[in-house]
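Peer 1: Residue strings, one per chain:
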Amino acid sequence: MFEFLTSGRYDLLGAFWVTVQLTLYSAVGSLVWGTLLAGMRVSPVPLMRGFGTAYVNVVRNTPLTIIIVGSLLGLYQTLGFELGAERSEDIGFRLAVLGLVAYTGTFVCEALRSGINTVPVGQAEAARALGLGFTQVLTLIILPQAFRSVVAPLANVLIALTKNTTVAAAIGVAEAAYLMKNMVENESDALFAVFGVVALGFVLLTLPTGLLLGWVSKRVAVKR
Amino acid sequence: MSGVSVTKGAEDAVPASTDLVVLSNVNKHFGALHVLQDIDLTIARGEVVVVIGPSGSGKSTLCRTINRLETIDSGDIRIDGKPLPQEGKELARLRADVGMVFQSFNLFAHKTILENVTLGQVKVRKMDKKTAEEKARALLDRVGVGAQADKYPAQLSGGQQQRVAIARALAMEPKVMLFDEPTSALDPEMINEVLEVMQQLARDGMTMVVVTHEMGFARSAANRVVFMADGKIVEEATPDQFFSNPRSDRAKDFLSKILHH
Numbered sequence: 001m002f003e004f005l006t007s008g009r010y011d012l013l014g015a016f017w018v019t020v021q022l023t024l025y026s027a028v029g030s031l032v033w034g035t036l037l038a039g040m041r042v043s044p045v046p047l048m049r050g051f052g053t054a055y056v057n058v059v060r061n062t063p064l065t066i067i068i069v070g071s072l073l074g075l076y077q078t079l080g081f082e083l084g085a086e087r088s089e090d091i092g093f094r095l096a097v098l099g100l101v102a103y104t105g106t107f108v109c110e111a112l113r114s115g116i117n118t119v120p121v122g123q124a125e126a127a128r129a130l131g132l133g134f135t136q137v138l139t140l141i142i143l144p145q146a147f148r149s150v151v152a153p154l155a156n157v158l159i160a161l162t163k164n165t166t167v168a169a170a171i172g173v174a175e176a177a178y179l180m181k182n183m184v185e186n187e188s189d190a191l192f193a194v195f196g197v198v199a200l201g202f203v204l205l206t207l208p209t210g211l212l213l214g215w216v217s218k219r220v221a222v223k224r
Numbered sequence: 001m002s003g004v005s006v007t008k009g010a011e012d013a014v015p016a017s018t019d020l021v022v023l024s025n026v027n028k029h030f031g032a033l034h035v036l037q038d039i040d041l042t043i044a045r046g047e048v049v050v051v052i053g054p055s056g057s058g059k060s061t062l063c064r065t066i067n068r069l070e071t072i073d074s075g076d077i078r079i080d081g082k083p084l085p086q087e088g089k090e091l092a093r094l095r096a097d098v099g100m101v102f103q104s105f106n107l108f109a110h111k112t113i114l115e116n117v118t119l120g121q122v123k124v125r126k127m128d129k130k131t132a133e134e135k136a137r138a139l140l141d142r143v144g145v146g147a148q149a150d151k152y153p154a155q156l157s158g159g160q161q162q163r164v165a166i167a168r169a170l171a172m173e174p175k176v177m178l179f180d181e182p183t184s185a186l187d188p189e190m191i192n193e194v195l196e197v198m199q200q201l202a203r204d205g206m207t208m209v210v211v212t213h214e215m216g217f218a219r220s221a222a223n224r225v226v227f228m229a230d231g232k233i234v235e236e237a238t239p240d241q242f243f244s245n246p247r248s249d250r251a252k253d254f255l256s257k258i259l260h261h
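Chains as they are written, first to last, in UniProt numbering: chain X, 1 to 224; chain B, 1 to 261.
Don't read these hints as lab results, they were simulated from the structure. All values derive from a computational prediction rather than experimental measurement. Hints are not guaranteed to be accurate.
In silico lysine to any residue, SDA-like type, Cα no more than 25 angstroms apart, as pairs [claimed, not checked]:
#1 111(B) <-> 200(X)
#2 111(B) <-> 32(X)
#3 123(B) <-> 181(X)
#4 135(B) <-> 40(X)
#5 181(X) <-> 151(X)
#6 123(B) <-> 217(X)
#7 123(B) <-> 200(X)
#8 111(B) <-> 181(X)
#9 223(X) <-> 256(B)
#10 126(B) <-> 122(X)
#11 151(B) <-> 121(X)
#12 232(B) <-> 256(B)
#13 151(B) <-> 40(X)
#14 111(B) <-> 43(X)
#15 135(B) <-> 212(X)
#16 89(B) <-> 120(X)
Computed footprint of chain X on chain B, listed as stretches where at least three residues anywhere in the stretch have a Cβ under 8 angstroms from a Cβ of chain X [what the hints assert, rightly or not]:
#17 90-104
#18 115-124
Just so it is clear, CB atoms sit at the ideal spot from N, CA and C, and this is done for glycine as well.
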């Protein structure tokens, strides 16, 4: 039943390695982009607040498949953006990361914004009273405390992101779900085994993430 | 409303030449509530002004307008001759010269005591870290919490936290210190340790605006008592005059409620 694993026809580890890479690059990108978005949404400048709000509400409510397929058809095939890559699989990978960052950043932003709301207003007032500017107050006082209070929700976002990387299969990125599609076509006598193995692979990636970040969340919590 | 109304023995040497904080005709509303009504107040260099009054009289709001944590609807506030600027770099620079101590301490919860006191020096005054730490330790010793430098705020008692907050403000070498009910959130046995630090500051000639319910402090440390009620300054006098012979009925009523029981 599990002969397909040992047949040498499928590079399961290689496919999951692409999944891991997609997850890691997208996670770092989403964290940065989500933080910037959250900064915009609490900014005193109305234009930035407006952009942040509009962006989050549009992108968060758009299906990820549309964003990722749209980035291939729109950005690459229509507008010709190659994102500095030459080989087509690299272009697909980078477009997928771009789409995942654009999408996941909105969830990071909203998690972070709820974290910002847990920081007592007096913290910002004390910082402003010392003469710190808006960016300093945000980066030195508010965000460090906000991040500590949203480690657990961010773990959820990271787990969702890990599983969302499967959408990259839609534009031909050779990650785990793409390989699974091939296996399903060729190993129709072992469908449940194929699904089971791929599902287990994702559980093995996401379970430790949740456990580790749950532990981190308790360690870094701000005592008041 | 002259600048220096009373000079107490120790402050004779202080050059109390010009007015440091001047509020003229300040008005502010919270919705329908007119919290500050035509406030005129002048605080001279080296002067200690204690603002007292019943809850909701606008005294905290008044204190917070001085470094523009509360904006005003009309009127004019000047610090050292300069009008309060709009939110931005200019205002941040001015706030660095105005120390503030809050009722709820507001120490940065994710930073150690030492970091709380060095942050402003390093990030605003651009002082190097080592000098800032030396100064912070000296200030923490001065307010009696030097031994706690490496702890986090939540590990300290309220009185200790408030003394750290005073040290944090002093580290910026402010021209004036604002105290917004600094002892109201403290257990009774911790009030004195904070008041003693404030007394010392007053003796050292710091310009102070203190919103408080501590009448003992007002009596012993203030040059002038400002009594507020319903958004107005009802009475201004030296502590002796105010406590022994209040002129307005509102002040008499207030004092009769707090002093006799």
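Peer 1: If a hint holds in the structure, say so; if it does not, say that too.
Peer 2: Right, here's what the structure says about each hint:
1. 111(B) <-> 200(X): 42 angstroms, violated
2. 111(B) <-> 32(X): 23 angstroms, holds
3. 123(B) <-> 181(X): Outside the cut-off at roughly 55 angstroms; violated.
4. 135(B) <-> 40(X): Violated. Residue 135(B) to residue 40(X) sits at ~36 angstroms, over the 25 angstroms cutoff.
5. 181(X) <-> 151(X): 34 angstroms, violated
6. 123(B) <-> 217(X): 28 angstroms, violated
7. 123(B) <-> 200(X): 49 angstroms, violated
8. 111(B) <-> 181(X): 51 angstroms, violated
9. 223(X) <-> 256(B): Outside the cut-off at roughly 42 angstroms; violated.
10. 126(B) <-> 122(X): Distance ~24 angstroms between residue 126(B) and residue 122(X) Cα, so the pair holds.
11. 151(B) <-> 121(X): Status holds; Cα separation ~22 angstroms.
12. 232(B) <-> 256(B): 20 angstroms, holds
13. 151(B) <-> 40(X): Given pair residue 151(B), residue 40(X) is violated - Cα atoms ~33 angstroms apart, limit 25 angstroms.
14. 111(B) <-> 43(X): 24 angstroms, holds
15. 135(B) <-> 212(X): 40 angstroms, violated
16. 89(B) <-> 120(X): 23 angstroms, holds
17. 90-104: holds (count 11)
18. 115-124: holds (count 4)
Comparing the model with each earlier hint shows violations of hints 1, 3, 4, 5, 6, 7, 8, 9, 13, 15; every other hint is respected.
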